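Hey, can you work out the whole structure from these sequences and the hints?
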Amino acid sequence: MSENTKTMEVSVWRGDENGGAFETFKVPALGSQTVLDVVTWIQQSADPTLTYRYACRVGMCGSCAMMVNGEPRWTCRTHVSRVLDGDRLEIAPLRNLPVIKDLAADMDPFFDKWVKAGGVHRPSRTRDEPIQQVNPEAPARVEANKGIECINCSVCYAACDTVAGNQDYLGPAALQRAWTLYNDEKVQDRGAILDAVSGPGGCLNCHTQGSCTRYCPNELDPLSAIAGLKRAVATSFFKRSA
Amino acid sequence: MLNLRLYMAQRLSAMVMAPLVLGHIAVMIYAIQGGLSTAEILGRTQGSALWLLFYGSFVVAVSIHAAIGLRVIVHETLGLRGRWLEIFTWGTGIVLLLMGARAVAAVTML
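These protein sequences, in sequence, are chains A and B. Going letter by letter, the first sequence gives residues 1 to 242 in the numbering used here. Going letter by letter, the second sequence gives residues 243 to 352 in the numbering used here.
Quick caveat, the hints were computed from the structure, so don't treat them as lab data. Source: prediction; values computed, not measured. Be aware that a few hints might be false.
Claimed, not checked - Covered by chain B, per the in silico footprint, the following chain A stretches (three or more residues, Cβ under 8 angstroms):
no., stretch
1, 156 to 166
2, 195 to 201
3, 227 to 239
Backbone N, C-alpha and C define an ideal beta-carbon position, used for all residues, glycine too.
Laid out in structure tokens, this is it:
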């Protein structure tokens with residue numbers, strides 16, 4: 001690094017499930033630099049033992065999400081210029097998940113809850129039957145389409161204060177997935193979906209704070225999906241009681 | 243932690259409470275306009291089945307609503323779970339019900 005190069009102070013979380021601390025690095029500030037570029041520079045030029053996770057670098061795979069200055073973000077599509085606080089940047093592993101090492105969070109609880117919320121497609125036809133035609137203009141299909149671009153980055157899960165307070169809560173991504181299936185006309189057993197999302201960790205625990213929708217990097221709206229599930233579950237309470 | 247039964251109980255008790263709160267406030271404002279004394283108010287409420295029903299259902303709704311609401315707060319802020327959370331929820335509901343029933347009885351019973 002030459003003396004004329006502009007630098008920034010980057011605090012990076014170092015540690016594992018037993019705890020850790022922030023370590024500060026001086027990183028050269030470059031044009032069009034992303035937060036992932038900064039982490040990669042530290043690992044390649046300052047400390048090769050730094051652990052982090054990424055894959056596609058273009059906002060498709062959902063691997064590289066981290067806490068940047070205290071907010072969850074996909075680091076590959078976050079320009080440093082947008083989040084720099086003076087000349088400081090703080091990068092930590094995703095909130096609400098166990099830490100494997102340094103910036104790599106353990107995503108298992110996130111995906112376990114995805115399955116627990118019934119996020120698996122259960123087709124109503126066999127391969128021997130003709131393919132079911134789906135009208136793309138049908139209101140339910142339009143509703144389902146709003147949530148299907150989720151890339152499982154866990155930014156909403158890290159942003160959610162209900163997840164922070166209630167470890168059983170399934171979280172916004174898993175519930176949004178359930179809502180897309182509920183609106184999928186190829187799924188026959190809607191009651192099973194409502195059963196999966198109305199238990200003690202289900203959609204009814206959402207406090208409608210909206211951090212999921214505020215932070216979703218794909219600009220999806222899990223908050224409205226959860227509201228839809230709540231309405232469906234409450235309606236089913238009267239129908240099933242009757 | 244909040245299942246469908248608890249969620250619906252809290253929402254339905256809120257729906258019961260809403261008109262009762264408005265009725266309670268309206269009656270309070272109306273009653274003090276002419277300078278009614280405590281004895282005059284008690285004279286109207288004691289022995290009245292209508293007021294017993296009004297404030298009795300209010301107390302039942304409050305006990306259900308508040309117990310479930312506090313259950314959520316205690317679980318999320320203090321981490322209370324399992325059997326202790328059930329004891330807390332039922333305990334809060336029963337204490338509120340008993341205190342409220344005592345007050346309602348004092349005001350409406352002869």
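Against the structure, the hints come out as follows:
1. Note: the stretch 156 to 166 of chain A has 3 residues with beta-carbon separation from chain B under 8 angstroms; the three-residue rule is met and the coverage holds.
2. Check on the stretch 195 to 201 of chain A: 4 of its residues sit with their Cβ under 8 angstroms from a Cβ of chain B, so the three-residue criterion for coverage holds.
3. Under a criterion of three residues with beta carbons nearer than 8 angstroms to beta carbons of chain B, the stated coverage of the stretch 227 to 239 of chain A is upheld, 3 such residues being counted.
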